[in-house]
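Engineer: Letter by letter, the chains look like this.
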Amino acid sequence: MLELIDIKLERENRKVLKGISAKFEDRKIYAILGNNGVGKSTLAYIIMGLESYRDHEGEIIFDGKKINEKSVSERAKLGITLVWQEPARFEGLTVKEYLTLGSKKRFSEMELLEALRIVGLSGDYLYRFADNSLSGGERKRIELASILLLNPKFVVLDEPDSGIDIISTNMIEEVLRKLKNAGATLLVITHREEIAKMADEAYLMCDGEFLESGTVDKIIEFYKSHCDNCNHINKPEEGELSVRNKVR
Amino acid sequence: MLETRYDKEFEALAKYYEKSGGDVSKLLDKRVVSIIVSGNQIIGRNTVPGVKIESEEIENGVKIYLEIEDNVSIENPIHLCTGYLKPEGVQVVLIDTKIGKNSKAEFLSHCVFPRGKKFTHRMISNIEIGENSSLSYEDVHFHSEDGGVTVEAIYNARLSKNAKYDNTFHLTKTRVGKLKVNMNVDLGEYASAYIESKVYEKKDDVVEIIETLNLNGQHSSGIAKTVVFSTDESSAKIINKAYGNAPYSKGHIECNEIVKGENVRVGTIPELYVKDEKAELTHEASIGRINSKQLETLMAKGLGEEEATELIIRGMLK
Ligand SMILES: Nc1ncnc2c1ncn2[C@@H]1O[C@H](COP(=O)(O)OP(=O)(O)OP(=O)(O)O)[C@@H](O)[C@H]1O
Ligand SMILES: [Mg+2]
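Quick note, the sequences are listed as chains A and B, same order.
Taking this note's numbering, the leading residue of the first sequence gets 1, the next gets one more, and so forth.
Taking this note's numbering, the leading residue of the second sequence gets 1, the next gets one more, and so forth.
Hints listed in this document are in silico derivations from the structure and should not be mistaken for laboratory results.
Here the structure is a predicted model, which is why all the values come from computation and not from measurement.
Hints are supplied without guarantee of correctness; some may be wrong.
[Stated by the list, open to error] Calculated lysine-lysine pairs in the BS3-like style (CA-CA distance at most 30 Å, straight line): (1) 293/B x 15/A; (2) 180/B x 318/B; (3) 241/B x 96/A; (4) 318/B x 96/A; (5) 260/B x 70/A; (6) 178/A x 30/B; (7) 237/B x 260/B; (8) 178/B x 104/A; (9) 77/A x 293/B; (10) 104/A x 161/B; (11) 19/B x 105/A; (12) 318/B x 198/B; (13) 104/A x 260/B; (14) 104/A x 293/B; (15) 65/A x 117/B; (16) 164/B x 260/B; (17) 164/B x 30/B; (18) 66/A x 293/B; (19) 225/B x 105/A; (20) 318/B x 260/B; (21) 77/A x 28/A; (22) 293/B x 28/A; (23) 198/B x 161/B; (24) 224/A x 65/A; (25) 293/B x 105/A; (26) 161/B x 202/B; (27) 260/B x 77/A; (28) 293/B x 8/A; (29) 96/A x 173/B; (30) 63/B x 98/B; (31) 19/B x 101/B; (32) 117/B x 23/A; (33) 118/B x 180/A; (34) 96/A x 225/B; (35) 105/A x 117/B; (36) 65/A x 8/A; (37) 96/A x 66/A; (38) 18/A x 30/B; (39) 293/B x 70/A; (40) 241/B x 98/B.
Using the sequences plus the hints, can you model the full thing?
Structural biologist: Take a look at the structure:
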């Protein structure tokens with residue numbers, strides 16, 4: 001189980017995260033919904049422990065132990081990993097090499113091809129480079145394939161659907177299902193309803209806070225009525241809708 | 001072919017040649033043009049129809065003339081192996097290469113100085129490429145871990161109309177010692193060139209690289225690129241230059257220096273000069289630590305920081 005206790009972060013005198021608390025139980029899927037700039041990726045980076053986000057307040061507990069002081073590598077060794085909203089590119093590194101990184105297991109070619117098949121790519125990609133020659137969607141698919149092979153315990157997926165065409169939503173669902181069946185807990189940041197619907201529980205994020213949590217249906221309903229045509233732009237206390245008053 | 005009286009010497013050299021990434025069987029293959037220089041002598045050489053090789057011994061080294069006739073396409077890369085197995089001394093290698101019209105050749109050159117403690121290698125390569133011909137030259141260096149090797153390498157290339165030239169210099173597997181590379185290309189009409197240096201320096205290694213594109217012919221184009229990874233107390237000074245002297249000439253220069261360690265000293269100077277308003281020149285340069293997103297992407301898969309750094313750098317220097 002991963003627990004967040006009162007996570008806060010300030011940047012340039014602005015409170016980017018204002019006290020996030022949540023408990024993510026094993027083998028469940030959680031979705032985070034929220035408009036642009038509300039702090040979703042920031043929270044993902046804090047959970048992963050990226051160096052420039054380690055100055056946050058609050059505690060992160062994983063399987064009963066506080067992991068605030070642990071580096072990215074150490075967290076990864078505990079089974080935590082992150083799928084970036086926009087994955088990095090690597091010169092001179094083949095997709096084949098990239099897919100097998102960090103895994104203790106030696107994969108057969110068949111296993112690699114199967115992972116590529118799931119994300120909708122042919123075997124030809126194994127020998128291409130994971131550099132700028134891949135399109136955004138291709139790169140994202142490769143990232144998803146690499147996570148499937150990594151067999152993690154806790155995955156934060158920051159918009160796994162961004163850059164991937166709508167007709168491939170099924171593919172992302174299959175990846176999430178496979179990860180879950182393999183025993184992983186998933187925290188999925190998404191703007192896509194179909195993906196959110198796979199979650200056991202969802203959170204609505206606004207202006208650095210979880211404003212609401214509960215069933216996916218409830219959060220989607222909340223999002224549609226309050227955030228779809230949001231007129232306060234990241235200021236829940238202002239504007240006609242005055243979201244905070246409605247919630248509390 | 002290999003002269004038998006040099007068997008022993010060749011054997012010793014071959015070991016390091018392989019370490020540097022070379023394929024020894026190619027040096028003994030009759031279908032492959034090869035020149036093997038050890039110390040101050042040529043210990044083996046082979047050629048095929050269409051390629052003329054002459055050589056002479058000079059003070060502290062050798063001078064080689066290589067000529068490729070018109071309308072010849074050399075199937076296998078020409079293999080050059082230059083070695084010096086003693087710890088001290090000077091080796092001078094002068095190579096004049098002339099390639100005729102409508103011809104094509106590739107060079108694979110390995111320079112191995114595995115025991116150098118107080119050793120200097122000076123190389124001057126003058127290349128002339130005829131109309132519609134193309135030549136690629138890949139130079140891989142393998143030095144001692146002592147840091148006592150000094151290399152001064154000068155490449156001058158002159159490209160006729162519509163000629164193509166590719167020149168890469170790689171010193172990434174061992175320590176550098178002291179290195180000066182100077183690549184100079186004169187491009188005629190419609191000619192194109194790509195020159196690149198990649199170096200991984202450690203300890204108190206010193207690197208100085210100057211790459212120059214002289215875009216003299218209209219519609220000529222060139223790219224000059226340098227990637228240096230500097231660690232420990234090493235230093236590097238990189239100058240990339242492009243001269244747009246003719247209409248519609250196009251040049252791009254690029255330098256990426258990645259640093260690791262508090263005591264490195266690195267710098268780069270891009271120089272762009274335009275003599276014709278229709279020329280177009282661009283440059284790109286960066287100096288800094290390794291990209292943190294790349295690093296943390298690999299770390300998020302469980303790699304340690306060192307391991308991740310090595311992997312990223314190896315990829316960039318490939
Ligand atoms: N280093 C920083 N300095 C200043 N502001 C920052 C910094 N990092 C993030 N922010 C701000 O924090 C807010 C949250 O950013 P974040 O990337 O977490 O948003 P997000 O919810 O992931 O948005 P999106 O849906 O667009 O991906 C944004 O307003 C952003 O501009
Ligand atoms: Mg984001």
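Engineer: Which earlier hints can't be squared with this structure?
Structural biologist: 3, 6, 8, 10, 15, 16, 19, 24, 26, 31, 32, 33, 35, 37, 38
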